[in-house]
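Starting from the structure of chain C, add chain F where the hints point.
Listed below, chain by chain, are the residues.
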Amino acid sequence: MLSFALKRLLTTIPVLWIAITACFFILRLAPGGPFDGERPLPEAVKRNLEAHYNLDKSLIEQYFIYLGNLLQGDLGPSFINQDFSVSEQLLIGLPYTLIVGGLAFALSIIVGVLAGIAGSLYRNRLPDVALGAFILAGLVIPNFLVAPILQLVFGLQLKWLPVGGWGEGAVTHLVLPVTVLALPHVARISRLTRGAMIEVMHSNYIRTARSKGLSDMRLLMRHAIKPALTPVVSYLGPAASYLLTGSLVVETIFGLPGIGRYFINAALNRDYGMVLGTVVFYMLLIIVLNLIVDIVYAWLDPRVRH
Amino acid sequence: MIFFRARKQELMAAAIKQSMADAGLAAVRAQNTGGESSENIATAIVGRSLMQDARRRLYANKAAVVSLLVLAVLIVVAFAAPLFIPFNYEDPDWAAFRAPPSLATGHYFGTDQNGRDLLARTLFGTQVSLVVALIATLVSVFIGVSYGAIAGFMGGRIDQAMMRFVDVMYALPYILFVILLMVIFGRNVFLLFAAIGALEWLTMARIVRGQTLSIKQREYIEAARAAGVSNRTIIFRHIVPNLLGPVVIYATLTIPEIIVVESFLSYLGFGIQEPLTSLGTLIAEGADVLEVLPWLLWFPASFLITLLLSLLFIGDGLRDAFDTRDQ
Chain C
12 MLSFALKRLL TTIPVLWIAI TACFFILRLA PGGPFDGERP LPEAVKRNLE
62 AHYNLDKSLI EQYFIYLGNL LQGDLGPSFI NQDFSVSEQL LIGLPYTLIV
112 GGLAFALSII VGVLAGIAGS LYRNRLPDVA LGAFILAGLV IPNFLVAPIL
162 QLVFGLQLKW LPVGGWGEGA VTHLVLPVTV LALPHVARIS RLTRGAMIEV
212 MHSNYIRTAR SKGLSDMRLL MRHAIKPALT PVVSYLGPAA SYLLTGSLVV
262 ETIFGLPGIG RYFINAALNR DYGMVLGTVV FYMLLIIVLN LIVDIVYAWL
312 DPRVRH
Chain F
821 MIFFRARKQE LMAAAIKQSM ADAGLAAVRA QNTGGESSEN IATAIVGRSL
871 MQDARRRLYA NKAAVVSLLV LAVLIVVAFA APLFIPFNYE DPDWAAFRAP
921 PSLATGHYFG TDQNGRDLLA RTLFGTQVSL VVALIATLVS VFIGVSYGAI
971 AGFMGGRIDQ AMMRFVDVMY ALPYILFVIL LMVIFGRNVF LLFAAIGALE
1021 WLTMARIVRG QTLSIKQREY IEAARAAGVS NRTIIFRHIV PNLLGPVVIY
1071 ATLTIPEIIV VESFLSYLGF GIQEPLTSLG TLIAEGADVL EVLPWLLWFP
1121 ASFLITLLLS LLFIGDGLRD AFDTRDQ
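Chain order of the listed sequences is C and F.
Read the first sequence against the working numbering and you will find it ends at 317, with the numbers running on by one and no gaps.
Read the second sequence against the working numbering and you will find it ends at 1147, with the numbers running on by one and no gaps.
Note that these hints are calculated values from the structure, not bench results.
Watch out, some of these pointers could steer you wrong.
[Unchecked claim] Simulated restraints, written as ranges between beta carbons of each label pair:
#	chain 1	residue 1	chain 2	residue 2	range
1	C	Val307	F	Ala901	36 to 46 Å
2	C	Ser69	F	Tyr990	27 to 37 Å
3	C	Gly176	F	Leu1096	26 to 36 Å
4	C	Glu210	F	Leu958	55 to 65 Å
5	F	Val886	C	Leu137	21 to 31 Å
6	F	Arg984	C	Glu99	29 to 39 Å
7	C	Leu225	F	Asp1108	55 to 65 Å
8	F	Leu1096	C	Glu99	48 to 58 Å
9	F	Val886	C	Glu99	33 to 43 Å
10	C	Ile29	F	Met871	36 to 46 Å
11	C	Met232	F	Ser1050	57 to 67 Å
12	F	Ala924	C	Leu295	53 to 63 Å
Yeah, the Cβ is synthetic: ideal placement off N, Cα and C, and Gly gets one too.
The following block holds chain C by itself, in its conformation from the complex (with noise of 0.2 Å):
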């Protein structure tokens, strides 16, 4: 177990770098400088903000002082908001993402899973069917058409909850992006656990398991229910990427101060700097998390390990 999770853990490595590699010169093809402003800098005044940038040093020096500052957790100057760099940004941002995805990401799986175990238990029954709807619009209907509609509906019209804002991370606050930012994952996950239940229900040690007289209850928790989360489990890494994604438009949407909106508003000014930087951030943060998913995936499966 400890020797598939190193083995992982070092497979990732060359992926991060390649990863980081080929953002930082994508980024460096870019053309116009960072200080290419509408008002002409005095030369003087350029070049010293290049030696400070270290612009003025080849490409290649660039890209190993990048990457020497990176394993020091510095992810660079930004550009437009100079006060702060981006590690320092993205770090006052970090908590409400993850407070908002992890909340988020605990609602769709739990909420995902006991749908796809009453969908399967009353196969064609009336949940069953009403699970198939909401199981559609969730997967139809995009995270920011459903937004704007709960927050007219709660915010505006029922007034029960607050429209946007972080609010002192109130729960009323939490409500709207958590639920919007889980809706399609909650959709994904009982479809997922819908089918493999029913599958794992139809299977011979299922019905010897009934035969010997094992009550409902107990044959789904002893022995339904953990390979029927297998591809629940192998879900949650791309999940963790698309919930990052999501908290792109929820952040904006709601007004939260997460990093999805530092990279928006940093992409829309151009700040190449804090767009490198988060990127790359949130790819750590990606990697890292597929990795815990797939070992939690290899200590769910054991034929995974092989």
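Frame of chain C; chain F shown alone:
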């Protein structure tokens, strides 16, 4: 069951042959059979290809048939209707700003904050979304099929390295790369197509590789190799055409995915730019003023959802039609 059906068709073919001979319609027969012997009529009718079977199963699927109709209507309306509307998507109607939908003014979907007719804009947006999706899908099919077929055919180390790369790409949130590219190269519509397509090929590559692995075991590939055909020709002449079924199915499922991605990017401000518009851009504009000008959201949103739903059902229907495992 199949035996009986075949028998029945044989009898029918025989009956047709008989009646044609009786009527002395030799000329007609020659036309119908391409001048070959009349024996071919019987075999032509009895044999049912995979395609025919699949089509029959697809037509039996109500959701898919209805969706096909809906999609066809939507496409025709999106491309033809603008010719009959007195407004275009970019010029304001100075007499009607923020006008609600009404039959009297001729703005059936109302107008937006700049007085532009929403019906014209929605139809134009639908066109753009469809065209983007089509081009991006073609790009993704091209890359995915070539990559998957080469990996599957080569096998061994090359296959492992190529598929490992796909695994890696899977783990990364590719929307970030699209945004990255948009930041660098400016918001160019064609770049948008290419970037989305170039990043959406991963699943296609996996599916194609799997199929290729099984196809390359067939005898006709062995025969081609024995005849000294080059690898390249085997891949593109003998393997790729046989991948058609799964590729078509998956491409149908890719189109709605790309429509969502394009809308998503446009919503965030990285996609289609003014004065052009797409369903995503329209939804973004509508969402901002949902409380006061609700029609600006509802119309584009219902177009988007109809489009996505029908594509989803068609894709599912195609998959079920080609998937013979349930038979």
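Evaluated hints:
1. Val307/C <-> Ala901/F: 36 to 46 Å: Distance hint for Val307/C, Ala901/F is violated at roughly 52 Å.
2. Ser69/C <-> Tyr990/F: 27 to 37 Å: 34 Å, holds
3. Gly176/C <-> Leu1096/F: 26 to 36 Å: 33 Å, holds
4. Glu210/C <-> Leu958/F: 55 to 65 Å: This hint is violated: roughly 35 Å between Cβ atoms.
5. Val886/F <-> Leu137/C: 21 to 31 Å: 24 Å, holds
6. Arg984/F <-> Glu99/C: 29 to 39 Å: 36 Å, holds
7. Leu225/C <-> Asp1108/F: 55 to 65 Å: 56 Å, holds
8. Leu1096/F <-> Glu99/C: 48 to 58 Å: Because 38 Å falls outside the window, the suggested range is violated.
9. Val886/F <-> Glu99/C: 33 to 43 Å: This hint is violated: roughly 55 Å between Cβ atoms.
10. Ile29/C <-> Met871/F: 36 to 46 Å: Holds, at about 42 Å.
11. Met232/C <-> Ser1050/F: 57 to 67 Å: Between Met232/C and Ser1050/F, where Cβ atoms are some 58 Å apart, the hint holds.
12. Ala924/F <-> Leu295/C: 53 to 63 Å: 58 Å, holds
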